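There are 2 protein chains.
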Amino acid sequence: MIAIDWGTTSLRAFRIDADGNIIGTRRSTQGVLAAAGNFESVLRVEIDGWDDALIVMSGMIGSRQGWREVAYVECPAGLDEIAAAMVPLAPPSLPGRQIWLVPGLSVRDERGANDVMRGEETQICGLVDALGTRRHRVCLPGTHSKHAEIRNGRVERFHTAMTGELFDVLCKHSILGRLMDTNMPHRSAAFLRGVDDAREPRDLLNQLFAVRTLGLFGTLQADELPSYLSGLLIGHELNDLPADTGELHLVAAERLLELYTEALARRGVRAVNHAELAAARGLRALAVRRGLT
Amino acid sequence: MIAIDWGTTSLRAFRIDADGNIIGTRRSTQGVLAAAGNFESVLRVEIDGWDDALIVMSGMIGSRQGWREVAYVECPAGLDEIAAAMVPLAPPSLPGRQIWLVPGLSVRDERGANDVMRGEETQICGLVDALGTRRHRVCLPGTHSKHAEIRNGRVERFHTAMTGELFDVLCKHSILGRLMDTNMPHRSAAFLRGVDDAREPRDLLNQLFAVRTLGLFGTLQADELPSYLSGLLIGHELNDLPADTGELHLVAAERLLELYTEALARRGVRAVNHAELAAARGLRALAVRRGLT
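Going line by line, the protein sequences match chains H and C.
So that you can map any letter, position 11 of the first sequence is 272 in the working numbering, and since no number is skipped, the others follow by simple counting.
So that you can map any letter, position 272 of the second sequence is 533 in the working numbering, and since no number is skipped, the others follow by simple counting.
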């Protein structure tokens, strides 16, 4: 089968054999934004030479801006609920292919406020078999970091933090960026100072301006400021973890795994690292559960 | 005399007679960024036709990026300390003029972190005579909102919140802006919902993403989202006010005065509104204290 994680800014395709082994991977920048509605032709190019009949796709490709909107499945939800809500597509130019879209998840808190994910639920599906039945916390850091509580293989609730996006817009478009050298390597001391400062009883709006004065007064050097800001924001994200959190499962690419592992250790939380291949494993698990393979 | 509030993005000039009456005002977009080093020629144009010998200037014109860097005066500081640290300029193309730059203020907290202001100290100087000797809190909302504690006419301490800048970069450059109609009039109910939500024990990074889901699920309409975001950020800024704050002096232009007055009322704090002319009054008070007029 072919498994595709098709997000806003990128697309990752995996070819998986009958035993569940990944036998081919492709990566492209033809995310939902770049594909701009030409999903059928982009897909034909991306899977060129892979003749498997079954194609299962997750991520923003199933959103209002994607190929076809697939309704969110409400939490608690696991493999059963997600697989049952998958939606088939039959594009005319791809005859002989069975194409399926995976739904995202939504959750509603006590106050009636909603949160959503699209794509991350599939990565979590790739993880749950390995986790077993007790309660776990999973974090998928990134542009919009997701924190999920898993029990008995189902996502009970989750919330999102706009950590990565806020870091990007501040570096690129705010006064903070003008002081920074954002191409510098990671500076551990400055990063951890940010993680620590995030616990102070001052509002983030004040702490963001303080990034500027730390630079202005030479307390931190220009090449340390991005690491400090990154630590400050990740620290704020981690403030929402319950105080008794002992362990957190991380699914991310290497650079973010390292940053979050370092920040979590500072807070006394053990990080359990999982590679990004969780998406491919999750798409296969969903196809099996749906009875497609 | 001529009083000039010369900030990063704009310049406001006031002509003041011997009795302290403002007899002329000018406003231009030739802020420190736009003037780009040509401060002498910009000044000549801006004061054209005003032949007063004395010119006193405050704001970013006295910063590292300005005409000449004037060292910050450390808090506590009032008219005496600020006037004593004013610095004269003698540009060759403006013979017969006495030009002075007003310093900004800095403050250092218990942990050794600094905060700074440039320009706002002058607006506070324009206010202190009217305030009398007891303790007051003053807020100058804006791109970088300043909150100062005044006692006996001196700024004892202050802190900055990056409220206005964060609102701007999120509207212009983040995923939130894509959902928003930012040209809509103020929506009071959505704004106050944001002010209230800012008190919840959830981190701002999570609440920012929630702005998106409030729009996605139709809880708020696209034309309500900017007001909600504005309320959320102003609410966060106000979280740093001590719980016993009964009254806050506001110095701002009309639109921000209205927003902050509404948010403060929601928090049970009485706003005392002061017009923006405080800058002109402050510059005159500093010139008098320095013995220049």
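Keep in mind that the hints are not guaranteed to be accurate.
Chain copies aren't distinguished; within one or between two, either way the pair holds.
Taking lysine to any residue pairs in the SDA-like style, the calculated list, with each CA pair at most 25 Å apart, reads [stated by the list, open to error]:
| no. | residue 1 | residue 2 |
| --- | --- | --- |
| 1 | Lys433 | Ala332 |
| 2 | Lys433 | Leu294 |
| 3 | Lys433 | Asn375 |
| 4 | Lys433 | Asp390 |
| 5 | Lys433 | Arg276 |
| 6 | Lys433 | His397 |
| 7 | Lys433 | Gly281 |
| 8 | Lys433 | Asn444 |
| 9 | Lys433 | Pro446 |
| 10 | Lys433 | Gly310 |
| 11 | Lys433 | Ser271 |
| 12 | Lys433 | Pro353 |
| 13 | Lys433 | Arg325 |
| 14 | Lys433 | Pro349 |
Just so you know, these hints were derived from the structure itself, not from any lab.
Everything numeric in this text was worked out from a predicted model, so none of it was measured.
Against the structure, the hints come out as follows:
{"no.": "1", "hint": "Lys433 / Ala332", "result": "neither (34 Å within a copy, 29 Å between copies)"}
{"no.": "2", "hint": "Lys433 / Leu294", "result": "both (20 Å within a copy, 17 Å between copies)"}
{"no.": "3", "hint": "Lys433 / Asn375", "result": "between (29 Å within a copy, 24 Å between copies)"}
{"no.": "4", "hint": "Lys433 / Asp390", "result": "neither (40 Å within a copy, 42 Å between copies)"}
{"no.": "5", "hint": "Lys433 / Arg276", "result": "neither (36 Å within a copy, 39 Å between copies)"}
{"no.": "6", "hint": "Lys433 / His397", "result": "neither (35 Å within a copy, 37 Å between copies)"}
{"no.": "7", "hint": "Lys433 / Gly281", "result": "neither (41 Å within a copy, 44 Å between copies)"}
{"no.": "8", "hint": "Lys433 / Asn444", "result": "both (12 Å within a copy, 24 Å between copies)"}
{"no.": "9", "hint": "Lys433 / Pro446", "result": "within (17 Å within a copy, 28 Å between copies)"}
{"no.": "10", "hint": "Lys433 / Gly310", "result": "neither (39 Å within a copy, 41 Å between copies)"}
{"no.": "11", "hint": "Lys433 / Ser271", "result": "both (20 Å within a copy, 22 Å between copies)"}
{"no.": "12", "hint": "Lys433 / Pro353", "result": "neither (42 Å within a copy, 39 Å between copies)"}
{"no.": "13", "hint": "Lys433 / Arg325", "result": "between (28 Å within a copy, 21 Å between copies)"}
{"no.": "14", "hint": "Lys433 / Pro349", "result": "neither (40 Å within a copy, 37 Å between copies)"}
Against the hints set out earlier in the document, violations occur for numbers 1, 4, 5, 6, 7, 10, 12 and 14.
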